[in-house]
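These protein sequence lines are chains A and B, in that order. If you're matching positions, the first sequence starts at 2 in this note's numbering and goes up one per residue. If you're matching positions, the second sequence starts at 2 in this note's numbering and goes up one per residue.
The hints are simulated quantities; they were obtained by calculation from the structure and are not laboratory data. The structure displayed is predicted, hence computed values, not measured ones. No false leads were slipped in.
Identical copies look the same in the list; a pair holds intra-copy or inter-copy alike.
Calculated pairs, DMTMM-like style, for lysine to aspartate or glutamate (alpha carbon to alpha carbon, straight line, at most 25 Å): (1) K101 - E55; (2) K101 - D64; (3) K101 - E3; (4) K101 - E84; (5) K101 - D86; (6) K101 - E91.
Number of protein chains: 2
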Amino acid sequence: MEQRLSLVTLGVADLRRARAFYTHGLGWVEAQPSNESVVFYQLGGIVLGLYGREALATDAGLDAEGSGFRGAALAYNTRTREEVDGVLSEAERAGGTLVKPAEDVFWGGYSGYFSDPDGHLWEVAWNPFATLDDAGNFFISAD
Amino acid sequence: MEQRLSLVTLGVADLRRARAFYTHGLGWVEAQPSNESVVFYQLGGIVLGLYGREALATDAGLDAEGSGFRGAALAYNTRTREEVDGVLSEAERAGGTLVKPAEDVFWGGYSGYFSDPDGHLWEVAWNPFATLDDAGNFFISAD
Chain A
2 MEQRLSLVTL GVADLRRARA FYTHGLGWVE AQPSNESVVF YQLGGIVLGL YGREALATDA
62 GLDAEGSGFR GAALAYNTRT REEVDGVLSE AERAGGTLVK PAEDVFWGGY SGYFSDPDGH
122 LWEVAWNPFA TLDDAGNFFI SAD
Chain B
2 MEQRLSLVTL GVADLRRARA FYTHGLGWVE AQPSNESVVF YQLGGIVLGL YGREALATDA
62 GLDAEGSGFR GAALAYNTRT REEVDGVLSE AERAGGTLVK PAEDVFWGGY SGYFSDPDGH
122 LWEVAWNPFA TLDDAGNFFI SAD
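Chain A on its own, in the form it takes in the complex (with noise of 0.2 Å):
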């Protein structure tokens, strides 16, 4: 098995919800296959997608019930510290919540968490010690 992720699929109880919030809130473009049912956003080198909840539970051979925390979360790291707090409120102005405000962390960054209209939690975080290099790409080893 080699070292990488090719896709991460959210599910969403309402994909037009879900449309409105990436691909009009956030403004992101949706890649060529994406149709009534499932949606692809290529960020990168992997791709994103939004699928029914209950469908990727079916995929799985998995009961759709499920409640509370989900143990994960997705990170978009900012280039400064200064875009946080605007990437926290565009994503509410698209339709998502804030979950925290961003706030100094112990590790030495700044971050703050919103969720999408499913509840998918994402971290918005500057991490003054890591890289981001001018395609987007994002190294934990600041080397």
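Following the hints, position chain B against chain A.
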């Protein structure tokens, strides 16, 4: 907000067990800032992090209680159809659980699912319509 994802953090109950799965079982190389509290893997231009589930919830100001389906899946796309079964077997040998054996799926690919020791869901898929480059970047549009 640019169109990108920087990091995926998986909350884990036991970091040593999770590390045993990804580092020793799958053979992934930890990035330099990993320590006893958090482990990072550089996956192309994004990063996968393993962090205590309780600590992750606390970081977002949320209650850590949660159960059932988490509403999301990660996916590892293979270069060939033949690889899929081997990757699922490798994940099982590493301490993961086979959730669904691979089968031909309606969209024309071949896919199955495993979960890691904390129940995080991974699809292993071959998608004949997508592109996987030598560096492991995945592009959903075939062109």
